[in-house]
Amino acid sequence: GAGVSQSPSNKVTEKGKDVELRCDPISGHTALYWYRQSLGQGLEFLIYFQGNSAPDKSGLPSDRFSAERTGGSVSTLTIQRTQQEDSAVYLCASSLDAGTDTQYFGPGTRLTVL
Amino acid sequence: KQEVTQIPAALSVPEGENLVLNCSFTDSAIYNLQWFRQDPGKGLTSLLLIQSSQREQTSGRLNASLDKSSGRSTLYIAASQPGDSATYLCAVRKSGANNLFFGTGTRLTVIP
Numbered sequence: 704g705a706g707v708s709q710s711p712s713n714k715v716t717e718k719g720k721d722v723e724l725r726c727d728p729i730s731g732h733t734a735l736y737w738y739r740q741s742l743g744q745g746l747e748f749l750i751y752f753q754g755n756s757a758p759d760k761s762g763l764p765s766d767r768f769s770a771e772r773t774g775g776s777v778s779t780l781t782i783q784r785t786q787q788e789d790s791a792v793y794l795c796a797s798s799l800d801a802g803t804d805t806q807y808f809g810p811g812t813r814l815t816v817l
Numbered sequence: 002k003q004e005v006t007q008i009p010a011a012l013s014v015p016e017g018e019n020l021v022l023n024c025s026f027t028d029s030a031i032y033n034l035q036w037f038r039q040d041p042g043k044g045l046t047s048l049l050l051i052q053s054s055q056r057e058q059t060s061g062r063l064n065a066s067l068d069k070s071s072g073r074s075t076l077y078i079a080a081s082q083p084g085d086s087a088t089y090l091c092a093v094r095k096s097g098a099n100n101l102f103f104g105t106g107t108r109l110t111v112i113p
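If you're matching them up, the sequences are chains A and B in order. Sequential numbering from 704 applies to the first sequence in the working numbering. Sequential numbering from 2 applies to the second sequence in the working numbering.
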């Protein structure tokens with residue numbers, strides 16, 4: 704079946720603008736994760752959704768970052784008042800559940816804040 | 002906080018060689034460990050997942066081992082091919098945590 708998809712693949716925005724990044728997980732996967740990969744740094748966890756439970760937001764770097772997951776499927780990561788340090792590749796992953804299963808990653812959205 | 006280190010940061014080998022990539026983690030209370038490859042401009046592809054109770058996993062020319070008590074994992078690639086050229090990432094899931102902690106990766110180049 705189809706893998707995890709993300710849109711847009713690339714996004715260039717001006718400092719101070721809001722952006723929305725979209726993730727479509729693999730059908731039937733209940734767990735969804737957002738990570739960020741900055742230049743020269745490893746991947747860092749942002750937020751996690753599992754079914755209808757409250758999300759784990761412990762990795763969000765500031766209150767300018769938020770995410771939601773509608774109907775237990777599609778997720779949107781929103782960054783308000785973007786800053787240059789927000790420039791990174793934003794990766795979404797899903798897994799069948801949060802237990803022992805492999806996380807499957809999408810191709811990412813490359814965000815550039817000018 | 003779990004810290005994951007990968008050595009070396011970059012590696013170049015001639016085609017056909019066997020090679021080992023190393024991963025170490027500071028907190029041995031892990032749930033599982035996963036190896037990924039990342040091709041330029043693309044997402045991550047899962048290679049192998051080892052549960053904390055397991056010692057190794059094999060898939061084709063790849064073999065991953067886990068020594069939880071010493072905080073180490075290795076990824077062995079046999080008979081390397083140019084198509085193996087990519088960045089290899091090790092990621093650990095801590096017990097009780099939902100997310101993965103990633104190393105910074107090893108960039109592998111296999112020279113034809």
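Please keep in mind that the hints were generated in silico from the structure rather than gathered at the bench. Model, not experiment: these values are computed from the prediction. In this text, a Cβ means the ideal position worked out from N, Cα and C, and glycines have one as well. Treat the hints with care, as some may be off.
Said to hold, decoys possible - Derived DSS-like pairs (lysine-lysine); straight-line CA-CA distance at most 25 Å:
(1) B:K43 / A:K714
(2) A:K714 / A:K760
(3) B:K95 / A:K760
(4) A:K718 / B:K69
Unchecked claim - Simulated restraints, written as ranges between beta carbons of each label pair:
(5) A:T805 / B:R62: 39 to 49 Å
(6) A:G775 / B:T110: 25 to 35 Å
(7) B:Y77 / A:L817: 16 to 26 Å
(8) A:A705 / B:D40: 37 to 47 Å
(9) A:G719 / B:Q82: 26 to 36 Å
(10) A:Q744 / B:Q52: 38 to 48 Å
(11) A:S761 / B:P15: 37 to 47 Å
(12) B:V14 / A:G775: 38 to 48 Å
(13) A:G775 / B:N19: 21 to 31 Å
(14) A:G719 / B:G17: 35 to 45 Å
(15) A:K720 / B:Q52: 39 to 49 Å
(16) B:N64 / A:E788: 35 to 45 Å
Unsatisfied constraints (hint numbers, rising): 4, 5, 6, 7, 8, 9, 10, 13, 14
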